[in-house]
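Q: Letter by letter, the chains look like this.
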Amino acid sequence: MSPKRWLYTVPLRLRSIFRRRRVEQDLDDELQYHLEMRIEENIAKGMSSEEARRAALIALGGLDQRKEECRDMQGIDWLVSLQRNFRHSFRRLAKAPVLSLVVILSLGLGIGSNTAIFSLIYQILLRPLPVENPDELALGTTPGAAKAGGGAFPGTSPDSYMYVFSYLQFRELERHQQQNVAELAASGFKSAEVALENQKFFCGALMVSGGYFPLMRTRPHMGRTLIPADDQGDGIPAAMLGYGFWKNKLGGRPDILNKPIRIFGQVFTVVGVAPKGFCDMIMGAPPDVILPLATATSLSNPSIPKFMMPESDNNSHFSWIYMMARIKRGVTREQAAAFYAGAYAASVEQQIQAWKGRLESVGRWKPGTEDQYRKGQLKFIDGSHGLNSIAKEGSKTPIIILMLATGLVLFIAMANAANLLLARSAARRGELAICAAMGASRSNIVGQLFSEAMTLAIAGGIVAIPLSLATLHFLISMLVQTAPLADFLRRIPAGLLTVQLEWPVFLYCMGLSLLTGLLFGLYPALAAARVAPNKVLNQESGQFSEALGTARMRKALVCAQVVISIIVLIPTGLFLKSLVKLMTVDPGLRTENLVMFRLLPNRAEWSPEQSREMLEAQAKQSQAFFEQVESEVAAIPGVTGLTSAKMPLLGGFTYFHPAVEGYTGSSSAGYNEIAPGFFRQMGIPLLLGREFTEHDNLTGQMVAIVNEQFVKTFFAGQNPIGRRLGLGKGMASTMYQINMPGIYGPTEIVGVVKDSFYSSIKREGGHPNVVYTPWRQNYFVNFLTFYVRSALPSAQVFAQIRNALQKLNANVPVEDLRTMEEQVELNISNDRQIFQLAGIVTVIAMALAMMGLYGVMAYSVIRRTREIGIRMAIGAKPAGIRRMVLREMMLILAIGLVLGIPAGLSISRVVASQLFSVSTYDPFVVAGASLALGLAAFAATYLPAWRASRVDPLNALRCE
Amino acid sequence: MSKPSDLVQGTLDLLILKILALQPMNGWAVNQRLRQVSGEVLQVTEGSLYPALHKLEQEGWITAEWKQSENNRRAKYYSLTRLGRQHLKKEAANWNRLSAAISHVVQLEEA
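Going down the list, the protein sequences come from chains A and B.
Okay, so the first sequence: first residue is 121 according to my numbering, each after it adds one.
Okay, so the second sequence: first residue is 9 according to my numbering, each after it adds one.
To be clear, the hints were calculated from the coordinates, so they are not data collected in a lab.
Keep in mind that the hints are not guaranteed to be accurate.
Claimed, not checked - Calculated pairs, BS3-like style, for lysine-lysine (alpha carbon to alpha carbon, straight line, at most 27 Å):
hint, chain 1, residue 1, chain 2, residue 2
1, B, K63, A, K448
2, A, K448, A, K476
3, A, K369, A, K379
4, B, K75, A, K187
5, A, K215, A, K187
6, A, K499, A, K476
7, A, K882, A, K927
8, A, K927, A, K320
9, A, K997, B, K75
Stated by the list, open to error - Here chain B is said to cover these stretches of chain A; the calculated rule only asks that three of the stretch's residues, wherever they fall, bring their Cβ under 8 Å from a Cβ of chain B:
hint, region
10, 320-334
11, 791-801
Virtual Cβ for every residue (Gly too), placed ideally from N, Cα, C.
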């Protein structure tokens, strides 16, 4: 049709659709006019008025037929019949409201959860960054293997180094920056302790180079953004606040500009607030504070003044900075990379210089690393989606797992819907046959049945919208929780995610519901229309039966549902077993009647230029405060024991590489700083040597206690008492950024303790190596965790502790006040969450599958009423009939289990990393899952079986 | 209904277009004119005129408006659109070719 003709036809069609009544009226008037003219003519010919009317109607050939023909000509007949089909469908579905509602709800659940996951995919992987011309952005990348220090850092994957550069490398590239080729900028994330007046916050800090905001073209919400001049590293550094942090944590106070804030005690000046919705392109998260990259060195070693830190330890060679570029229009990414290739090669030489000597001295430099490093080329990749080009990798597995789970739920819902339609079309075979006999074409019948499926699907899609928003809300709140989270979900950058259905997601939802309608509706519609009307009408008399093929199809669908149920049941069972094991594991210390709390006094102001005298004065002051707390709390009535440690047990960790004479391996060790008598108070047995005493302080000899595992790893099981340990030498302090006690003095081992839990209950392969030192030998004890043993109820102890601290009037909030049992719970909350998530999916899947099984069995019993009646008439017992029905179910179940168990086991391997001392091939779990499914199937079948056994043979046969 | 008129049924569209090309008319008038000009040879069932008119309207070849008829009543008047005129020209040419060819064949003398 040519566009010119649309000019005429489109308005007409629209008029036919939207002004239906008017169009009908016109049609009526037009034919009426014709009739009247004809009648007048007939009367003029001499007919009576009665006769004239009759003749006129005959001549016209039936008024209604003509009208119908005219309507057909309007070109919207298909639309009108569609409308009719749907109206019809509504009426039919409303006749079986419960069943229809169940199908609609389960479809809604399936479609809704899928839509929620799609929204995650859309937001994380598909949506470009909200910045100006995102297509100009690129990310710098080089091969990761060499950057990982030639294998110097055990346990890090080379891939995680693909996108990071060192501070010095970036500065080298930045120096050769040519704006007319590509602007360069860098950003990296650090956690920071931020203090403003008397408030203190633990924040995510974004470290950015001076060119970052000019490159991103970000306009500030308030004040100004950071500029290249801020990144020179002189004077009082500038800081920007994130919008969310400023609004929510600081109450959006307008007087924030030019206020000093302290970050790890170092003073910064607030110069601006980032705009709402600003998030770093790399981390995808809105930062709390944004600081110049030049201050990264002092923030990496908080509170360690320059005089204590050798130049080589300033972190400048560590690869942790992401580099992005805005490439000029007309320049390709390859050309830009080629332009910066020279500067990159020079920076590689610097890196090799910096690393080689230091790593060789500790025997960790692998020969050939230089060549590998030099061979690596700088490349720019598409950066329009920011980190998402990187995050794609990290979030792939969790998203696939979520997609799989919701896909299975949707499949089960679809199988139920198909089953319902098959059953209904079988029940209506007689009616459909009559329709066909009266001239309905096959396509009419298919259309009618199919529109029923579509009605269900569209209703499901509508229900899915609120359900998907709820699911999305649940998922995102789970993702952004600060509590320990499912590891595999943590890799999804949650900061960017919002609970809303954007257009593409909404279209996906609608498209998905139409697709599901097509999938589950087509077969039942075609199957029903295949039936030859004469056969049906001959053979049936009031009773209905269904074609063999349809019955088989329905059982196959239920069987598939059983397969899916067992597939989700097995991993859930594994999670449950793992969780039970975690809850019953022996933590290696006495957790009963133990209450913990943490104190984080405000840091004293410091600067990297601080002198040793100032440092020592501050250390003494903070130690004095902690000792005061100890004596106050110990004096509380009912308290039978008190001790303290820097790192909360099961609540944090610090790992480092201890230097032990004669040890050449690369094992790391956990680290904690404790008070005298710690092991006695906590119930951890001392095996050799002594505990720390009051005399192990800043002026005494540096001492350490190690655990059994440490002795096995570093001393091959020999007595280590009196041996020396390097805590701060070589790599340790720089690589793991610990606040080292006394920093560089050699430390003598004075005791060995039995292994106990350190940071996590869930630790495969035994306990980690752990080194303990006295916190009184550390200059930088900025926080401390106290452990109080008291037989009184915990609520009472909490109140007493709060009271005691109030007396000190220290203006220091009490944090993490809880019982040790709660701390253990918290430590495994991760696993509890995974189990809950898996449990929800499993319960939904099983409930839907059992609904399907019930439907099929109940229907099968009704279909066989006559047969059952005959069986009973010739002497079958009710119990026998019940067995017969149950046998049918058992067959479906057995086939489902045979197919499902291997599939479930292979899927379980995906989640193996989340399990705690449970093998993925756990026979008990498989047996338990099968038993659970069997019981549920039995419950679903029992009612139909019971009904079958209650069939009255007389009634059943009289139906004929 | 006699056989010859069936042949012409398919060309009803062409006839209507031709009649409307002369002047805008309502359905009744088209009916009368049709009978008149074909000398009552063409047996067009009165009713089949209307679906044909509606089809032509939907195709965009004719357009309709409500006007006072000569006897002072409201009637729906159809007139040709520009597209309709083009279409008529094409169809009329086709028809002439076809009818010429057919009459040529029919007039062949048996050898």
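Q: Give me the numbers of the hints this structure contradicts, sorted from smallest to largest.
A: Hints 1, 2, 5, 7, 9, 10 and 11 not satisfied by this model.
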